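Per our numbering, the sequence shown runs over residues 1 to 235.
Hints are supplied without guarantee of correctness; some may be wrong.
Cut-off 25 Å, straight-line C-alpha distance, at most; resulting in silico cross-link-like pairs (SDA-like, lysine to any residue) [unchecked claim]:
| no. | residue 1 | residue 2 |
| --- | --- | --- |
| 1 | K181 | R128 |
| 2 | K174 | R194 |
| 3 | K174 | R206 |
| 4 | K181 | F169 |
| 5 | K181 | R141 |
| 6 | K174 | R131 |
| 7 | K174 | E138 |
| 8 | K174 | E148 |
| 9 | K174 | T192 |
| 10 | K174 | P110 |
| 11 | K181 | D137 |
| 12 | K181 | R156 |
| 13 | K181 | R194 |
| 14 | K181 | E167 |
| 15 | K181 | V145 |
| 16 | K174 | T189 |
| 17 | K181 | W157 |
Label-pair restraints from in silico Cβ distances [stated by the list, open to error]:
| no. | residue 1 | residue 2 | range |
| --- | --- | --- | --- |
| 18 | R130 | E173 | 14 to 20 Å |
| 19 | R131 | K174 | 19 to 25 Å |
| 20 | K174 | S27 | 48 to 54 Å |
| 21 | L86 | R206 | 33 to 39 Å |
| 22 | A106 | V145 | 50 to 56 Å |
| 23 | E138 | S91 | 18 to 24 Å |
| 24 | E29 | E170 | 52 to 58 Å |
Note that these hints are calculated values from the structure, not bench results. Note that the structure is a prediction, hence the values are computed from the model and not measured. Every residue, glycine too, gets a C-beta built ideally from N, C-alpha and C.
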Amino acid sequence: MPSSLFSRSHAVALAALLAAGCGGSSSPEQQLADRHFETARAAFRLGQIRRTHAHLDSALALESVLHRPARVGEIHRLRGTTFAALAEFDSAFAFYRRAIESFRGAADRPAARAVALDIADAEHAMGRDRRAWDQLDESLRLAGVFGEEAGERAIRWAMLPAARAIEDFEAEEKLRAALAKALGGEGDTRGTARLLREEGLALMARGRPEAASSPCAVPCSTPSNRGIRSTRSLR
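Given these sequences and hints, build the entire structure.
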């Protein structure tokens, strides 16, 4: 991938910001780096991969002097996601690992955990469901070590379809029980409905569609060995 670093247009834009000055606490360099990153995200949503990478290159070049490890992590994560979308998984894994290192440097465990789930998604997309499960299982263990209850819950939701993919129904039942316990004292009706749907999907995965019609509180779809990502929301 060609490196854009500072093209003439970027240098001109930065010079204009410096000349005009800026309000607030953000420096002109920060504003320009943020603009490149947001433009990259918008380009990715439009499927413009080459443009996405060009703006990520420019943002990363600015971050080399701004020293914002969390933003560097976001840049690496987005680049990894672009490669995953292209099914270039070796490159995706490389950038996801860089993202995790950056987030750890920023002491941002939730962000690092989100990238770990991205890695599980990529493993799943490659048909390596056992490796996806192992990735999620390790993430759950670490969330427990650090006492991150919200993190544990997010990981358990992601693990439900992963358990079905490897046909570990006992593990799936334990996950649902843990989620039900967490939801029990909160009055989270949406979470409860989601859990009932997962129970219905589990019954269908076991070849019992007639039993699934009862526990499902929301419409159920035929379960698939694809769809770890669809069960959770990425930031």
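Now the hints, each set against the structure:
1. K181 / R128: Violated: K181 and R128 sit about 30 Å apart, past 25 Å.
2. K174 / R194: holds, 16 Å
3. K174 / R206: holds, 16 Å
4. K181 / F169: At roughly 18 Å apart (the allowed maximum being 25 Å), F169 and K181 satisfy the hint.
5. K181 / R141: holds, 18 Å
6. K174 / R131: Distance of about 20 Å is within 25 Å: holds.
7. K174 / E138: Roughly 16 Å between the alpha carbons, so the hint for K174 and E138 holds.
8. K174 / E148: With a Cα-Cα distance of about 19 Å, the restraint between K174 and E148 holds, given a limit of 25 Å.
9. K174 / T192: holds, 16 Å
10. K174 / P110: The hint holds at about 23 Å.
11. K181 / D137: Holds, because 19 Å separates the two Cα atoms, which is no more than 25 Å.
12. K181 / R156: holds, 12 Å
13. K181 / R194: Distance of about 14 Å is within 25 Å: holds.
14. K181 / E167: holds, 23 Å
15. K181 / V145: Given that 25 Å is the threshold and the Cα spacing comes to 19 Å, the pair holds.
16. K174 / T189: With Cα atoms ~20 Å apart, K174 and T189 stay inside 25 Å; holds.
17. K181 / W157: holds, 13 Å
18. R130 / E173: 14 to 20 Å: Distance hint for R130, E173 holds at roughly 19 Å.
19. R131 / K174: 19 to 25 Å: Between R131 and K174, where Cβ atoms are some 20 Å apart, the hint holds.
20. K174 / S27: 48 to 54 Å: holds, 50 Å
21. L86 / R206: 33 to 39 Å: For L86 and R206 the Cβ distance comes to about 35 Å; the hint holds.
22. A106 / V145: 50 to 56 Å: Between A106 and V145, where Cβ atoms are some 19 Å apart, the hint is violated.
23. E138 / S91: 18 to 24 Å: Check passed, 22 Å falls within 18 to 24 Å.
24. E29 / E170: 52 to 58 Å: holds, 54 Å
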